[in-house]
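Protein chains in written order, with our numbering: chain A, 20 to 109; chain B, 129 to 487.
Derived from the structure by calculation, the hints contain no laboratory data.
Some hints could be false.
Pair ranges (Cβ atoms, derived) [unchecked claim]:
| hint | chain 1 | residue 1 | chain 2 | residue 2 | range |
| --- | --- | --- | --- | --- | --- |
| 1 | A | Met106 | B | Asn266 | 33 to 39 Å |
| 2 | A | Glu70 | B | Lys201 | 32 to 38 Å |
| 3 | B | Lys201 | A | Pro28 | 20 to 26 Å |
| 4 | A | Pro42 | B | Asp267 | 45 to 51 Å |
| 5 | A | Thr24 | B | Ser154 | 37 to 43 Å |
| 6 | B | Ala284 | A | Glu89 | 54 to 60 Å |
| 7 | A | Met106 | B | Glu445 | 39 to 45 Å |
| 8 | B | Gly152 | A | Pro42 | 44 to 50 Å |
A few chain A residues that don't get close to chain B, going by computed Cβ distances all over 12 Å [said to hold, decoys possible]:
| hint | residue |
| --- | --- |
| 9 | Ser40 |
| 10 | Asp47 |
| 11 | His65 |
| 12 | Asp68 |
| 13 | Glu75 |
| 14 | His76 |
| 15 | Glu83 |
| 16 | Glu89 |
| 17 | Gln104 |
Cβ atoms here follow ideal geometry from the backbone N, Cα and C, with glycine treated the same way.
The chain contents come next:
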Amino acid sequence: MTRLTLRVPRILAPFCEGETSLPVSGNDVRTALADAMTRHPMLRRHLLDEEGRVREHLHLFLNETDVRNELDAATRDGDELYVLQAMSGG
Amino acid sequence: MSVTLLVGTEKGLFVIDSDPRRAGWSLREPAHPGWQVYSLYADPRGDRPVVFAGLSSPMYGPHLQRSEDGGHKWTPVEGSPQFPDGSERKLNQVWSVQAAAEPDALWAGVSEAALFRSDDGGQTWAMNTALESHPTRNDWIPGAGGLCVHTIIPDARDAARLFVGISAVGVLRSDDGGRSWAVKNEGVGALLEDETRKYTEIHRCVHKFVQDPIEPDRLYQQNHIGVYRTDDAGDSWERIEEGLPSSFGFPMVMHPRRPRTLFTAPLTSDQLRVFPDGRPGVYRTDDGGDHWVRTHVGLDEPSYSGVLRNAMTVDREEQPGVYVGTTGGDVYASFDEGERWRRLPGRFPRVESLAAISS
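Could you build the full structure based on these sequences and the hints that come with them?
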């Protein structure tokens, strides 16, 4: 099992014991997210929709790669998985 | 007694505490920064009110927060209302929380329209299946704020009776504790005039409604296209608009103890959701809506803001305070039923909800 870091926006920190940087384990993005959601159950409703998909206005990046639609992407030790929210406007 | 006013906004929760005379008010540090607060509810049962805040985000969806110390410390409710896994319905906001007739029981109304019930003081919630499977359900349409259960009223006299208000469906009443529901829109104008529709009794855009605490067969409704009263617990409604500058508005609050006394805040129209002609007003009736009078002294004028459906409330003091929050971010209070208003400290993001706690 690889060990990586999940970084979430500050607005989600209250559900992660105040942290925005979470050590997680998982051989791919899906299992890494699952590990985070097991440790911090409120994350699930805020990251995934009712059908289990990443919420519409969120992006997931594994290091510099967009993996929003590639949850089976393999992870490596030391990777960083980012949750980014939509931004718009000027 | 002192009052704590919770101010739910588009960007977080703000809390204002009064002194024992409600003369001096001070603002605490903000809570829940970045979250929209569409609903606030202080459950009056028990030694100290338990406060619920319905938080949501366009990006992250909704959840409930719970406070047992007057809004100082908040705990996210892990068992917040949620549609079942795999549901095609999307839970967008929690619009209302309300004590049910039974101890430790509460109701919550959400968007997309559904009603949830908790029997453990708000820790876990289950969907009301009778409303979900109502014969008209597939014909329900949203208002501009979404398809939401925004008002829940347990009857003041009959523990088995319950009313809900859904935009843009109308008022539904249950006489068996939520096991079945009947549409109660007779006399209320339709939002859509479409004779080809299967269910002509729905598509009434109720914005808020209240029950008279002394004469519970009387309820009053601020609708998208009118202001109404029923004298027979919703079986029929009639217009009550004399003295109002407009039939459009969102909030409506009842005097907590005196019959036939209530407040609303009319806006220009559904196309222009601001105070008419820049003249802000909270309108009061003392005769069950037969006549309305404008109260405004102390409201900053001109004002081209408005008031949303959950942004007006009353406290439980002997002389009740009335509180109103505007889309411009101002919060006003009146302690003489609207004769004079004063602006409370702070200028906030768009005010979505208010709740008052006495302590």
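Outcome of the hint check:
Separation of Met106 of chain A from Asn266 of chain B is about 36 Å and conforms to the stated range, judged on CB atoms against 33 to 39 Å. For Glu70 of chain A paired with Lys201 of chain B, a C-beta distance near 34 Å keeps the hint of 32 to 38 Å intact. With their beta carbons about 23 Å apart, Lys201 of chain B and Pro28 of chain A fall inside the hinted range of 20 to 26 Å. At roughly 50 Å, the beta-carbon separation of Pro42 of chain A and Asp267 of chain B lies within the given 45 to 51 Å, and the hint holds.
In this structure the supplied range 37 to 43 Å holds for Thr24 of chain A paired with Ser154 of chain B, their Cβ-Cβ distance being about 41 Å. At roughly 56 Å, the beta-carbon separation of Ala284 of chain B and Glu89 of chain A lies within the given 54 to 60 Å, and the hint holds. Remark: the range hint 39 to 45 Å for Met106 of chain A to Glu445 of chain B is upheld by a beta-carbon distance near 44 Å. Under the hint 44 to 50 Å, the C-beta atoms of Gly152 of chain B and Pro42 of chain A, about 48 Å apart, fit the expected range.
Ser40 of chain A, annotated as away from the interface, keeps every beta carbon of chain B farther than 12 Å; the closest lies near 18 Å. The beta carbon of Asp47 of chain A is kept farther than 12 Å from every beta carbon of chain B, the shortest such distance being approximately 21 Å. For His65 of chain A, the condition that its CB be more than 12 Å from all CB atoms of chain B is violated, with the nearest at approximately 4 Å. Non-interface status of Asp68 of chain A relative to chain B is broken: a Cβ of that chain comes within 12 Å, the nearest being about 7 Å off.
Not every CB of chain B is more than 12 Å from the CB of Glu75 of chain A (nearest about 8 Å), against its label as outside the interface. Non-interface status of His76 of chain A relative to chain B is broken: a Cβ of that chain comes within 12 Å, the nearest being about 5 Å off. Even its closest Cβ contact with chain B, about 21 Å, leaves Glu83 of chain A beyond 12 Å, as expected for a residue assigned away from the interface. Glu89 of chain A, annotated as away from the interface, keeps every beta carbon of chain B farther than 12 Å; the closest lies near 20 Å.
Taking the minimum C-beta to C-beta distance to chain B, about 4 Å, the non-interface status of Gln104 of chain A is violated against the 12 Å cut.
Checked against the numbered hints given earlier, the structure breaks hints 11, 12, 13, 14 and 17 and satisfies all the rest.
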